[in-house]
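Each protein sequence line maps, in turn, to chains A and B. All the letters of the first sequence, read from the start, carry residue numbers 1 to 104 under the numbering used here. All the letters of the second sequence, read from the start, carry residue numbers 1001 to 1403 under the numbering used here.
It is worth saying that the hints were derived from the structure and are not from the lab. It is possible that part of the hints are untrue.
What the hints assert, rightly or not - DEER-style ranges, computed between Cβ atoms:
{"no.": "1", "chain 1": "B", "residue 1": "GLU1261", "chain 2": "A", "residue 2": "GLU13", "range": "55 to 61 Å"}
{"no.": "2", "chain 1": "A", "residue 1": "GLU13", "chain 2": "B", "residue 2": "ASN1154", "range": "29 to 35 Å"}
{"no.": "3", "chain 1": "A", "residue 1": "ARG14", "chain 2": "B", "residue 2": "ILE1133", "range": "31 to 37 Å"}
{"no.": "4", "chain 1": "A", "residue 1": "VAL19", "chain 2": "B", "residue 2": "THR1355", "range": "38 to 44 Å"}
{"no.": "5", "chain 1": "A", "residue 1": "SER84", "chain 2": "B", "residue 2": "LYS1403", "range": "50 to 56 Å"}
Quick reminder that beta carbons are idealized off the backbone N, C-alpha and C, glycines included.
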Amino acid sequence: VKENGEPVRAIAERYLHKVPCPFMYSSEERFKHVREMVKLFDVEGVLIFSLKSCDVHSFDAPLLAEELRGNEGLPVLCLEWEHSLSGIAQLRTRIEAFIEMLEG
Amino acid sequence: MSERRLETLKSFYRNYVEPFYETAHKAREEGKLVAWVASTFPVEILLAMDIIPVWPENYASLCAARRGSVPLCELAERKGFSKDLCSYARCVLGSLFDGENLPEGGIPKPDVLVASTCACDTHLKWFQVASRIFKKPLLLLDVPYNVEGANPENLKDYYIQHYVYQLEDLVCILEKHSGIKLDGDKLRKTLELSNRASELWLEIQSYRKNIPAPMGAREAFSAVYFILCVPGTEQAVDFYERLCNELEQKVKQGVGVVENEKYRLVWDNLPLWFNLQIFQYLRSLGAVVVAETFSHVWARSLDPSKPYESLARKHLSNMSNCTIERRIELIAGLVKDFRANGVILPTNWGCRMMTIGETIVKKKIQEMTGVSSLILDVDSTDWRNYDEYRVKTKLETFLKTLK
C-alpha cells in the first residue's frame, strides 16, 4: 500500500492491482505474473494446483499450462484437488513422479 | 378434443433457431461484425449497431437438445478443462476444438466478445478463454453486486454511474472497432421494441395464471429465446403478439396444455435441454409447469429517453445480480400468483450461482407459501450422470405428496 497518498484510495489501488486472483485479472496479466515468477525464482517445473470448484482457476489452468509448456518449455503438472485428505497417496505419487521426471 | 399444442410454437427450431444460425454464418461471410454475447449483456446496444449477436449459451443448449453436447464437453475436458466447470462453457469450448459435424455448422466465430459480470464468474472466464483462442478482444462490463433488492428504482446512484460509464466506454470501443456509429434514434427505437416485447412477454406469462394453464415449460423455454436474445426487434414483437393472441383464445376456450390438470409447478433454474421430454412426462402425470424463474427475469421496462441508465437499471436489478432473498421472493411470488402447488429446483452442476443455497430456498419457500419443493440433482447439458429412471421416480413420488 502506498503510504504517502490518500489512505482509502491507496488501499483500493492495492486491492485492485494485486495480481493473483484470476477473477480480477485477464488471463494475460496473470500469466505474465506467473512467467515473471518463473524467471525470478529460476524454477525447473510448475505445479498448477486448482482447487475443485474454484472455477476461475480451472478456466485458466489449461491455458497457463499450454503457455508455460509451449513458450517457456517448462514441464507442468496440473492437479485438481479438494481440501481433503482422501486420495492423498495418489496426489503424493503424482508429485513424486513429476519431481523424478524433473531430475531426469 | 381441442388441440392442446400451440400453433405459434410448432417447428420452433426449424422456423427460428436454424435461420438464426444460418443468418449469422452468412452475415459473417459477408463481412458483418459478429459479437459473442453473454446473457445479461445489454444486447439492445448491439442490435442498434447492426452487430450480429451470437449467444454461446444458446448454442450449448441447442447442442444439448440435439444430443451433441457431451462429446463436445469431453473434447474440452481432454484439453484440460475441469469436468466440474459449467457444462455450457465446456460444450462451447469443446466445439472450438472440433471442426466437423457441429450442430448448425458450429457457433459463428466472433470479431469481438462482450460479457458482463452480473450473471456469474463463469461468463468472465469462459469468454476470456474464447477471446484468447480467437485472438479477439473481450469487452467486459463490471457490474456491482446488488444487495439493495430488485427494485430498479431503488439503486445506488454510483452503481448506475459505474455501469453507465463503462457502457459509454464500451460503445466508443465498438464504434472504433466496427466503424459503425451508434445512432441515437435507432437505439431509442430498439428500446421501444424491447419494451413492447417485454410487455407482451409478461402478458404471455399472465395467461398461464389461468386454470387450466394454456402453456407449459416446454413452450416457454423455446419462446424465451426472443426476450433473451433479440429483445429489441420486430421479429420478437411479432412472435409474441401471435403467441398472445393464441393464448387468449386458449384461455377463452378453457383449453389447457394438460388434460385434467392436477398439479401446477414452478420450475427454477434451467431445463434438461437434452431431455425436454421430461415435461411431456410431467404432463402425462397431470402436471403442468406454470412458471419458470427463467421466464421472469428478462422483461423490464426501459426508458428510451435514457437508454444507458435504464439498461443499467435493468441489469443491476436482474435476479442473478441480487441476493438469494431476491430469488426466494421471486419463487414465492410465482407460487402465489400462479397458484402453484409444487416447486422443482433442478440444481445445475457447474452453475454455482443458481445452485448454491438450494436447501435454504426450499425451506424458505415452504415457510412463506406452505408449498413443497423438490431438489433435483441434474445438469442441463451434460447427461453423463443423468439417471432417467431415478429422476422420473423422484418426480412421480413428489407429485403424489402435493396437496
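Structure-based check of all given hints:
no. : hint                               : in the structure
1   : B/GLU1261 with A/GLU13: 55 to 61 Å : 60 Å, holds
2   : A/GLU13 with B/ASN1154: 29 to 35 Å : 30 Å, holds
3   : A/ARG14 with B/ILE1133: 31 to 37 Å : 32 Å, holds
4   : A/VAL19 with B/THR1355: 38 to 44 Å : 29 Å, violated
5   : A/SER84 with B/LYS1403: 50 to 56 Å : 41 Å, violated
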